[in-house]
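Number of protein chains: 2
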Amino acid sequence: MSTTTSGRDDASVRQFDISMPGFPESLPADVMFEQDIIRTIGKGFQARGFRPLDSACIQRQEVLVAGGAQYLDGGIPEFAFTVQEPPESYTGANFALRYDLTVPVSRFIAEHSGKLSFPLHVYQINKVWRAEQMPTATHWREFYQCDVDVIGQGELSLLYDAEIANALVGAFRNIGVDGFTVRISNRKVLAALLDSHGVRVHRARAIVQILDKGNRQPVEETVTQLAASGIPEHVAADLGRLVSSPTLSDARDLLKLRGADQVGIEELDTVIRAAHDLGVPEDHLVLDFSITRGHDYYTGTVFETFATGREHWGAIGAGGRYQDLLKHVNGSSYPGVGMSVGLARLMGLLREDGVRKQQGLRHEAVTVVRREDDDAQAVTGTVRRLREAGLSVQAVFDPVGAEKALSIATEAEVGFLVSLQDAGTATVRDMASGAERGVPVDGVADAIAELRRAD
Amino acid sequence: MSTTTSGRDDASVRQFDISMPGFPESLPADVMFEQDIIRTIGKGFQARGFRPLDSACIQRQEVLVAGGAQYLDGGIPEFAFTVQEPPESYTGANFALRYDLTVPVSRFIAEHSGKLSFPLHVYQINKVWRAEQMPTATHWREFYQCDVDVIGQGELSLLYDAEIANALVGAFRNIGVDGFTVRISNRKVLAALLDSHGVRVHRARAIVQILDKGNRQPVEETVTQLAASGIPEHVAADLGRLVSSPTLSDARDLLKLRGADQVGIEELDTVIRAAHDLGVPEDHLVLDFSITRGHDYYTGTVFETFATGREHWGAIGAGGRYQDLLKHVNGSSYPGVGMSVGLARLMGLLREDGVRKQQGLRHEAVTVVRREDDDAQAVTGTVRRLREAGLSVQAVFDPVGAEKALSIATEAEVGFLVSLQDAGTATVRDMASGAERGVPVDGVADAIAELRRAD
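First to last, the sequence lines map onto chains A and B.
Residue numbering for the first sequence follows the working numbering, starting at 1 and increasing by one per position.
Residue numbering for the second sequence follows the working numbering, starting at 1 and increasing by one per position.
Derived by calculation from the structure, the hints in this document are not laboratory data.
Since this is a predicted model, take the numbers as computed values, not measurements.
Backbone N, C-alpha and C fix where the C-beta goes; we use that ideal spot for every residue, glycine too.
Keep in mind that a hint or two might mislead.
Pairs of lysine-lysine residues, derived as DSBU-like cross-links and limited to a Cα-Cα distance of at most 30 Å, are as follows [to be verified]:
#	chain 1	residue 1	chain 2	residue 2
1	B	K115	A	K404
2	B	K43	A	K404
3	A	K357	A	K404
From the structure, some residues in chain A lie toward chain B, with a derived Cβ separation under 7 Å [unchecked claim]:
#	residue
4	F23
5	P28
6	D30
7	F81
8	R384
Have a look at the derived ranges for each label pair, beta carbon to beta carbon [said to hold, decoys possible]:
#	chain 1	residue 1	chain 2	residue 2	range
9	B	D353	A	D178	42 to 52 Å
10	B	P218	A	T425	48 to 58 Å
11	B	A402	A	G154	14 to 24 Å
Given the sequences, and given the hints that come with them, work out the whole structure.
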């Protein structure tokens, strides 16, 4: 459609920019890899009784605003893409594209709560849209999010917080990611300590923002920044002591000393024990009081997941308990706990680790080409027989030369390349070893079976 | 979020319509079913060497217009949703949501042709958006399309037309749909007959529209309508004779009689033979000269798929050969052949057939509940052991009564319900038979294994 490189001046050819920075469209091999990852994560969640949601991409602006009312200042957020209907079918509604998966869940519950069975175990792996000004390798304008949540009606046991951590750990391990930790804290601990000093946590965004960097800088730096932001020095020192507490009992001692409420500590204790009982390895779930999460809607447990040694990538998963996010739905309280994985970051990590490359050849997959424009039945018959033998077969029907055949099979990452010659013979190439053998056309399936056994 | 039914007048509760007619959001069990179907179709395509694309949902308006230039009168179509960036991140581009999956493919090829290996075997199962004025059970504003295409560079063998029919037949059979036919024709046959009478087919939209209803009405009615629309009677009679030709040789005789070109007949002969050679059953691919497809971009083979006895549902799949759709990309010719399945119609058929219901209980799946707020370790330990035994386990941690437990397990369609009592005992219920047995907590996995063997 663009002729900026072709140089033709055909009047029917339009000249315009087709680039779409921030809206990734990958080559098929990369899409297959990404869909494999999505499928693996979904299977892991389903094995824990979570079931998929598929929320509408287009939502009413009022729903997006109301669903986010707990953490937005009101109004449609500045990063939202709005959607216009054509005049012919104007319904009077104001639409926008969803920018997260949490708010559409609240709309779904508002409409269907009578038909839903609580606690609702749900996950969603779907695209969201954000109008980033400068898209980068980890900030896209269109990207997948992956949310897993348990939402209750009225009450919701703390054991679900452990189950969410467990679901995430399971999903990552199924993918083959092992060098990661889920860092856990509880906002009630921070709130209690601040409360003992007469500071309310939800009035203290600056504090949260400074603490949020706590795991990436020395604690002294955190204390200095807190004091510089106007926090009394003794409070800053206490916050420094809290975020550097290595164990629950250290934090408990500090809170006792200040006469502060212990409920956050007890909740953390319950959640961490239950996570271990559910099978989360001890080194995959680590206490870290510097984890606070920016969003105000978290009310208890908070999680962030980092790849070991690559903390500079930022969190590849984050979430927590939100007691009140959906409280206005139908006059009922819907406490929830969940985590969200940024799939783009996760894919980036996997690519850095060469996981994509390790996948390599698909040994059940074959490309069949023909060298000359010979009998159509020879090629369709071979394709059919190989498929009937259970192989995944890509059929290339236009006659191709040896070099082109090899490049097609390489790009398709198949285990075997079958080239049909004239006179009823075929060459079978083992793509891994490069070994080739000539066989009669009706012996191709057997030859591949033999090579697969030898691999 | 809506309190139209709750009657509260809390000032913080917003009053507005949350309904989204035409934007379906299904209950989790229906989403699981739909995703199973999508996965099955995708697996079938991958087994034939097709690989997934995942095109951007947001596209430039110029791309949508240019990609559709062959079949649109120009300009953004009247059913397109346009997308606005917020002022803060305005890039100057004009965006709209994709309304089909074909046009994004052309953009993708335009950008990446140097990195792609032709013939490109691709499929896409993704959402598209159309601003229907009156959404109905089969006309949504947001819905999945499912496209499978082979796109060549310069040349593209007719055998791919057979491979596309084969891929569709395979996908439908994998799903369990058997009562359907792919009806096939070739627009060159119609063009040749019209040409012999001095009528050009692409000037004859009215003819195509009348013929397109041909398989749902008696041929006499079609001839009458053609004559009424101003077609000379002898031409209308010939068209009637063509659309009611039961075999290729009948159509060949007619074209010979008029001295018309036979190439369309020869192409059909090649494609139908090759489809049978590839394994398409004879009764699943049926010659039907009334199939013409509305879009002008089809240049040869055309397909429509109907459910037997439910032709009134309309085509559940349609497509064909488009020689020129992408001809302006980088100055190269990219002939293609493909089909598109309307997933909403397919799902509707499956629901009508009760296929969803037949799926029934998942015998590898278990819901674990606890009756009283007893020891957390008893429940987490049971959940863990069952998962380690390979079962998919939904854990319900808030204490629930017997009735609620049953409704949760029923809704989740699990094979077994485990209720933990106090004093280390559990009740295992076989959801299929309703039989229950009491066992010690650490005997639950064995009890389920035994019941599964007995099922």
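Against the earlier hints, flag every one the structure doesn't satisfy and list their numbers going up. 6
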